[in-house]
Structure formats: structure tokens, C-alpha cells
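**Q** Place chain B on chain A using the hints.
Residue numbers (my numbering), protein chains in the order written: chain A, 162 to 468; chain B, 754 to 1003.
Worth flagging that the hints you see were computed from the coordinates, not collected in a lab.
Please read these numbers as outputs of a predicted model, since none were measured by experiment.
Do not take every clue at face value.
Restricting the straight-line Cα-Cα distance to at most 20 Å, the calculated cross-link-like pairs of lysine to aspartate or glutamate (EDC-like) are [what the hints assert, rightly or not]:
#1 B/K802 / A/E434
#2 B/K846 / A/D375
#3 A/K282 / A/D315
#4 B/K846 / A/E405
#5 B/K846 / A/D315
Residue strings, one per chain:
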Amino acid sequence: MQLNEIQLDLLKEIADITDIPTGAYNIRSDSQSIGRQSSANIDIVPKEGISGIDIFIKPNTKNETVHIPVVITKSGVKEKVYNDFFIGDNADVEIVAGCGIDNCGAHDSQHDGIHRFYVGKNSRVRYAEKHYGSGSGSGKRILNPVTEVYMEDDSYCEMEMVQIKGVDDTCRTTVAELKKGAKLVVRERLMTHDVQQAESVYTVSLNGDGSSADIVSRGVARDDSYQKLDLKIVGNAACKGHTECDSIIMDNGKILAVPALEANNVDASLVHEAAIGKIAGEQLIKLMTLGLTEAEAEEQIINGFLR
Amino acid sequence: MLQIKNLSFAVDDLGQEKEILRNVSLEIPDGKLFVITGPNGGGKSTLAKLIAGIEKPTAGQIIFNGEDITDLSITERAKKGIAFAFQQPVRFKGIQVADLIRLAAGKELTIGEACAYLSQVGLCAKDYIHREVNANLSGGELKRIEIASVLARKSMLTLFDEPEAGIDLWSFNNLIEVFRDQRKEISDRSILIISHQERILNIADEIVVLENGSLKQQGEKNDVLPDLIGTASAVLDCQGNRLPQKEQEC
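This is chain A alone, in the form it adopts within the complex (with noise of 0.2 Å):
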């Protein structure tokens, strides 16, 4: 498999990959795949009739990892792409996705990836998730990631879901369904910036006794950018969950925070958070008096924030 520049440009910020990937693997560039390998406890399998792939893994598989990250170099590339992940009992592993578009052409390009979860009795999942977009092209950069989780009795799933920056259109769709001691914990980061759009729209519900999920989500809208961030958590049994919306506006960003709460069960406890506001002017002061600039404190307050 050869990689081009900006093909790795875009592997290296989307999955930090500088090189082919130990373990299972699936990179897709420009609607194909370029390079895969499955690993004798983890199968993947072209879809038929449709874009994608199934990732299939075994039972009590440790410690392994699979990556499955997609580039698109050309303009005018739109797709959708169907990914399952069917995860055994009992095993632990780390599912590295993301997807980076780079245009410098006129035409939109567009990836809508619809990753589905099944996530076995007591295993443990670890997601990383970026989207970046780069090139200067007046052609759009546009993500509609769907994430669907479905989760057994007394599974675990850690989601990291970054929009780093670059993308100039995204409707993030997110649902998740615990059963009995699952936990799901989930930490998106949005960066709008210039006229981007930005919606995620989480539906998370707790149907198990001692199920439990904590969502938070980071934003920062720059420019003249809009974020819309829409986090539902549905307590169906004796359950506990947690959202917080946590948004810095900057310039003439827009963002609308709609937490939300339904709890259908008089043992479920729900806790709602949401806060928008400026970075604080204290904050640059201080990192003023340590010889950062204006822009330089700003930056690292950034960064710290969605880190």
C-alpha cells in the first residue's frame, strides 16, 4: 500500500497514523478500500450491495486494536458507508475511526459514515473518533457521522469524538442503548470556525438496572460559525446518567444548547449541565503575565478546553 502526502497528512490528524497500522486494519481513500488486514481474532468483511465493511471480533479478545479510518483527497466525492462492529463477550479492545477531507477543488465532498455497536456481555470498548477537514478549495467539507451503540449486560464504552477543525458542515447523529450494568462514557470536542455548521444530536437511553452514561460535550464556535448541541438521556430502570453541553463563544459564534431529560423510572437519577460563555477575561490575564500574547493565551485555552 503507498500513501500519498496528503493522504498521510490526513492519517496522521484524523488517527495519528504515520505508518500501516499493527493489528486489524481498513483503510478506505476516495470510496476504496486501500489497504486492509484482519487479525486472527478480528475479521473484517466487505459489505455486499453496499458501501462498508463488517468488523467482526471474536470473543475474549484483549488488548487488540482495529482501524478503520477514511480520507477523501478529491472534490466532488460523496458517500455513505455502512460500518458494523460485532464485538464478543468478555473482550477489550480499542477501535480507532476518523475520517479527514481534504478539497481543493469547487465541488462538495461528503462522507456519512453510519457506525453501528454491538457490544457483547462485559466487554470493553475504547472509540476514538476525528474528522478534520483541510484544502482550499471552495468546495464544502461535510461529515454526517451516525454512531449507533447497542450495549449488553454490564459492557463498557468509552467514545472520543473530536471535530478538530475544517469541517464546514456536520449533523452528528448518536444513539446508544444500555442494557442491564452497562456504562457508556462519552467525550465529544467540536471546533467551528468561519460560516461552519455544526449539529450533534445524542439520544442515549438507559434500559437496565444499573445502567449509566455520561455525556460531555465540549464545543468552541468561532467566526461566524453555529453549533447546535442536543443531548437527551432516557432513564427506562434504575439507572444514573450525566450530560453537560460546555460551549466557549467567540466573535460572532452561534450556539444553542438543548440538554434534555426523560426519566420513566422512579429509580432513575438524571443530572443535566450546560454552559456558554466567553473565555474568561482572568484567564488571558493570567496567561498574559506569563509572556503569552493575547492570541497565544487564547490558543492554549483552546486547546486545553477540547483537549
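**A** Below, chain B alone, put in the same frame as chain A:
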């Protein structure tokens, strides 16, 4: 050397000009530890903020090492060697203690080097170095991290605005040691502390008393301190109580 010449600062108070500092002049030579004391509302913190550039004076001049810095920004003054420890430390979501110490030092630090600054303020470094400087830390912990960040600056002039505020007695004893160590380590540099704690006043070379925005008294510690004992300008412990004799001696 820091020279403050006829410095005044006023704010708008419901359409009326309110003077916070009035015609204050002061000279702080290199290698000296000055403590500014005086009753609350006397203008002590304002003076420190004017020196650091956080506030701009309405009149007067600030000269640092022979250069007029009155119109320089906070950043420019920091780069020229002025450090400022906040009375109320600032919290940051996401920025870790290690980041803050690295930014303060102005260069990449090994974890070991960053930890050394935390150890100086009595924090077990490995427990703190990767923690966020946010509301999960107690006021005392934040205060010590604030002081560690200023130590990492290794500045020509370091301003501490009420360094004892919000810390417990143990930390307070430790703080005195930090200032003593600083004195040994930086013979050509100066320290200016805003405080009315007698034990901090006791380690000063010179004491300045600010009252109602004016310089009321200035002189060597032995000349000034006796007049202040028992007043609001020289209290003895963190809670403002006189300590038993045994503790005064430590």
C-alpha cells in the same frame, strides 16, 4: 530596580471619579524583599496590578531597569521580567498543572523539572502534575499551584498578591520557607509581597504601608514593624489571630 513615580489610579464610581491610589512614589532596588501592607481597601492590590500592567495608571510612571514601562502591555512586562501571583488563582478547564508550569517557564520542561516546582510549594508532584487547573482542586491547592507557576518564571521582579489568602496553616509555614528559599536563590532579583501577615513582614527588608491610596510609611523592617504590631497592618496567622508564642518562633 523598579521605580514608581507619582503613580495615581482612579475609577469611575457612579459618575464620580474615585481615587484608589494617589501620587505614590517608591523605589525597589535589586535583591530586596519588600512587603506592602496596610488596611484593606488601601490600594495594595491595585499597586501590584499597575506594576504588572493589568491596570493602567491615570497618572505617573513605572520605570523598570531604567526603562519606562508605563505604556507596555502585560505580555511585554512579563517578557521584561515581571511575574505576578494572583490573589485569587484562575481556573482553566482542560489546562493541566504541567501545562501551566511549562508555559510559565517559557520552555519545554521534563516532568521531573515541573515536579520540582510543585515540590517547592509542598505538593506531592505525581498526584498533581496531570490534573486540570480547574474547580476540582481546592482553593489551597490552586494557590500553591499559582505560586509554583510564578516560581517557574524565575523573574527579575516577582509580585505576590496576598499569597497567604486561602491557604491553611501548614501551607502558610511552607510559604514562608518558599520566600526564604527565593531570597537565597535570587540574590540579584526582587520580591514584592502584598500582605499584612506579621510573619511575612518579618522576612522583609523593607516595609511599605499604604493607607487610603497614599504611601503612609516606608522603611527598614526594624524601623517600621514595631509600629504596626497589633494593627490591621500586621496580623499573625492565616485567620488573623495572634498565635501562641511557640508558633511565632517557628
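**Q** For every hint, state whether the structure bears it out.
**A** Hints versus structure:
Distance restraint check for B/K802 and A/E434: the Cα-Cα separation of roughly 35 Å exceeds the 20 Å cut-off, and the hinted pair is therefore not satisfied. Annotation: proposed proximity of B/K846 to A/D375 holds, straight-line Cα distance about 17 Å (limit 20 Å). Restraint check for A/K282 and A/D315: the C-alpha separation of about 6 Å stays at or below 20 Å, so the hint holds. Distance hint between B/K846 and A/E405 is fulfilled; the C-alpha atoms sit about 13 Å from each other, no more than 20 Å.
Between B/K846 and A/D315, the direct Cα distance comes to roughly 31 Å. Violation of the 20 Å bound is thereby established for this hinted pair.
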